[in-house]
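Here our numbering is used: the first residue of the sequence shown is 1, the next is one more, and so on.
Everything labelled a hint here was simulated from the structure, so no lab data went into it. Virtual Cβ for every residue (Gly too), placed ideally from N, Cα, C. Take every hint as true, because none was put in to throw you off.
Subject to a maximum C-alpha distance of 25 angstroms in a straight line, what follows is the list of computed BS3-like cross-link-like pairs (lysine-lysine): (1) LYS15 to LYS166; (2) LYS183 to LYS166; (3) LYS15 to LYS183.
For each label pair, taking beta carbons as the anchor points, the in silico distance ranges come out as: (4) GLY163 to ALA312: 31 to 41 angstroms; (5) ARG128 to GLY223: 49 to 59 angstroms; (6) GLY52 to ASP188: 17 to 27 angstroms; (7) GLY342 to GLY282: 12 to 22 angstroms.
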Amino acid sequence: MSGGVDSSLTAALVKRAGYDTVGITLQLYDHGEAMARKGACCAGQDIMDARGVADRLGVPHYVLDYEDRFRQSVIDDFADSYLAGETPVPCVRCNQTVKFRDLLGAARELGASALVTGHYVRSVPGPRGIEMHQAADPDRDQSYFLFATTQAQLDFLRFPLGGMTKTETREMAAALHLPVASKPDSQDICFVPSGDYASIIRKLRPESGEPGDIVHADGRVLGQHPGIINFTVGQRKGLGIATGEPLFVIRIEPSARRVIVGPREMLRTARLSLRDVNWIGGGSLDEAVAGGRSLFVKVRSTQPPREARLFAERGGVGVDLAGGEFGVAAGQACVFYDRAGGAARVLGGGFIERVAA
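Make a model of the complete structure from these sequences and hints.
Have a look at this one:
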């Protein structure tokens, strides 16, 4: 229970269905700015809101101090990924580690029959166990951030909001007189409520602010930058240079502290190399890769799935993107789906390690 309307309604639905219900809130960080600002979850007022909902429902409520785990598994990973010139997705890491590894393990130890969350994704019974499908409301679908969920975890998880729209969620929460029915949604990365992720990374990794060169793809040095953490692949604005031509960040070279810029066409990517691949599509990943499985992928949470094909690469997994894609960066997630339409089944995915034209 993060203190928002989604997890609060989820608790209410479980309670209303007649199950013994226990509300769990995770204390993930101690951030004064976050605690004073609306729209940042799992800190300060949000914990109080979760407790208030639990009291109204008449269910036990516990706060688990996962601050150290969150720091090691999510925040440190976030900082190190940027230092490596990548574009990380911390929400994926949080779901993969703190929530569906640590919290789920705690639920099992408590003797719970299921861990129920307010994520907008659907779990559907299939011939080989529970399948993950996109939410009914494409605008709320969170499947991109849950691709690393394993089959064993899926069989223990429940997602009661997957078939609802956000409007329906708020209306039902109001009908049940939940005090957070109209509470605004969380915004930004939860531990960076100001949106200034670079300042957070500089505090964690002081060396990240070391300057370097901004270099055109043709070898010309165009200027200097105040640290590679201020740049991401595909970025156009805020480069700090004026050349008379539109330039984009096409590559970051962390060891040399160089930011490479060039024209947009140099951002086109047709082939990806993945690491830490998770497969929940039935059968084995080896079979899917060896057979050159055709599927659909998303390399950004906001884009529709596009046609792609798996292939074996250096003992790992590669993806060919039909028609290519622009601005793909290492560190992003590449999520597999069985089709492009709504309510598609999630087949798994991995983190992008390298890109190639």
